[in-house]
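Throw the hints in and build the complete structure from the sequences for me.
Protein sequence lines correspond, in order, to chains V and G. So that you can map any letter, position 136 of the first sequence is 300 in the working numbering, and since no number is skipped, the others follow by simple counting. So that you can map any letter, position 138 of the second sequence is 302 in the working numbering, and since no number is skipped, the others follow by simple counting.
It is possible that part of the hints are untrue.
What the hints assert, rightly or not - With a straight-line Cα cutoff of 25 Å, these simulated SDA-like cross-link-like pairs (lysine to any residue) come out:
{"id": "1", "chain 1": "V", "residue 1": "Lys425", "chain 2": "V", "residue 2": "Lys441"}
{"id": "2", "chain 1": "V", "residue 1": "Lys250", "chain 2": "G", "residue 2": "Thr182"}
{"id": "3", "chain 1": "G", "residue 1": "Lys411", "chain 2": "V", "residue 2": "Arg317"}
{"id": "4", "chain 1": "V", "residue 1": "Lys411", "chain 2": "G", "residue 2": "Ile265"}
{"id": "5", "chain 1": "V", "residue 1": "Lys215", "chain 2": "G", "residue 2": "Ala438"}
{"id": "6", "chain 1": "G", "residue 1": "Lys215", "chain 2": "V", "residue 2": "Ile265"}
{"id": "7", "chain 1": "V", "residue 1": "Lys170", "chain 2": "V", "residue 2": "Arg317"}
{"id": "8", "chain 1": "V", "residue 1": "Lys215", "chain 2": "G", "residue 2": "Asp442"}
Bear in mind the hints are in silico, worked out from the structure with no lab data behind them.
2 protein chains.
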Amino acid sequence: MSEIFKVTILGSSAATPTSLRHTTAQLLQYHNRRYLLDCAEGTQMQLRRMKVPLMKINHIFISHLHGDHYLGLPGLLFTFHLLGRKKELHVYSPPGLEEIIRLQYEISELKPSFEVVFHELRQGEELIFDDGLLTVHTIPMQHRITTYGFLFREKEKDRNIKKSSIHQYKIPTDAIPGIKQGNDFTTKDGEIIPNGELTTSPPPLRSYAFCSDTAYTEDYIEQIRGVDLLYHEATFLQDKAAIAREKTHSTALEAATLAKKAGVKMLLLGHYSARYKDMKAFKSEARIVFQNTFLAEEGEEFYI
Amino acid sequence: MSEIFKVTILGSSAATPTSLRHTTAQLLQYHNRRYLLDCAEGTQMQLRRMKVPLMKINHIFISHLHGDHYLGLPGLLFTFHLLGRKKELHVYSPPGLEEIIRLQYEISELKPSFEVVFHELRQGEELIFDDGLLTVHTIPMQHRITTYGFLFREKEKDRNIKKSSIHQYKIPTDAIPGIKQGNDFTTKDGEIIPNGELTTSPPPLRSYAFCSDTAYTEDYIEQIRGVDLLYHEATFLQDKAAIAREKTHSTALEAATLAKKAGVKMLLLGHYSARYKDMKAFKSEARIVFQNTFLAEEGEEFYI
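Structure representation (structure tokens):
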């Protein structure tokens, strides 16, 4: 059985929150690990409302340093401190965030109970994280200030060895790791048993691309090709395409166009301008081009 | 009739928000003017939920630079910018806040549509604001870092002239301002009419003292003597008095003791530690000493 791999929407509003919607933040869960993607104002309250075990979060990925994507971080760090956190926390973002946080610590005269390791992102398509189970690469966005998306991919897994084969061919324990990695097996009698007879394929590797904020661009289309789930910002509907371009944001139709061209399996829209009250139009506009489109709404979970 | 003078609770939790309670922020309304007292994370969403006209806020008073009292300010400023605000905004706080905000502007590459005038507070019992209707003085708190409470007082008002006197004594228009300020009136025949016969007293001057965060101290007791409403932090109950002292906070009983000794008319408690789930015990503890005690709870309004 595959490990749980799911994204929970904590906020889906662009730029400014509304009375109903927070600005951007998502919780990504893989197996029992939690990763935070962006951390807008109010994220810590959203995490508490959704009963997320805060201390399971050890890695926070910030796409860029516009307020609606990071202003919840100082409060979350302060809460970690109050909870007596000892474990170090890793924060990945474009340069500048460490200076902001350090200044706030200094002025508050706060000596936090744990260390924050800041990882400054300086180029796109770079491997920034590998914990043995998942890798994360940056995706270069096209936005007013330096912005990165994040591509989460499961790592290659061992093949599954069939128990029946172990009995049938009397495979010794020390041969099993090699077989799981694709080796054939030679019996005592010298018979070569091809790997395909001994093992079954692991489940296909899953992937999640988080693309916020960006104008429409096909620059990174090869990087996200075929992902299981693409989150792509859709700040506007197509009738505001000119405004979207001017503000380096995208429309629902543009997000869907990219999803289609990149052959992704499923598209998730979000980062809706506060001017819109009802998001149904985003889904219907995108579905003209790409049927398997869904809406990021607070509290919703999407399995990858 | 007196102008509206009321405080609305936007947040009442100490240090860290819970799933139900935001950290400190209050909206003070006087006539049609709005003042924000502290601005914790999520304040802008609370203001939107309570349908407060954001652009009516021109003055923000920050007691101190612990995160749970100011981390909502950057997001609120960004929202003002998105709404196209032109009018300057005045922010009063201990030194350091301007540096925090400017750094965030710089890193976000934000050129806000309006100017923020930062007023650095450097001593207690200082007059920091006077708009002709209200004055604000700082109250020196006793806390780990430099912290000020704020004392809002209605200004002395003119006496009300009786319409019947104007007719009876044929008082000319140009004499009216002087009479409203307490002058007697001399008729054409040389008769002196004492002011008390011509006017009635204005309503008594109302006052609100906002005291967050502080250990128990009687240092400013004369400054808050007899205020109509005293908001005083009560982070703990009395069984945690030692912890309160160590953390330079107060208990409900201590707040009530101060309210009694200062002869205030009404006490409002808030800034409850997140460890408490039910606040009733704060009220009952305080009422042992000071009967007219109420609890700051989100969305509640208190008329002054």
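What are the numbers of the hints that this structure violates, sorted from low to high?
Structure breaks hints 1, 3 and 6.
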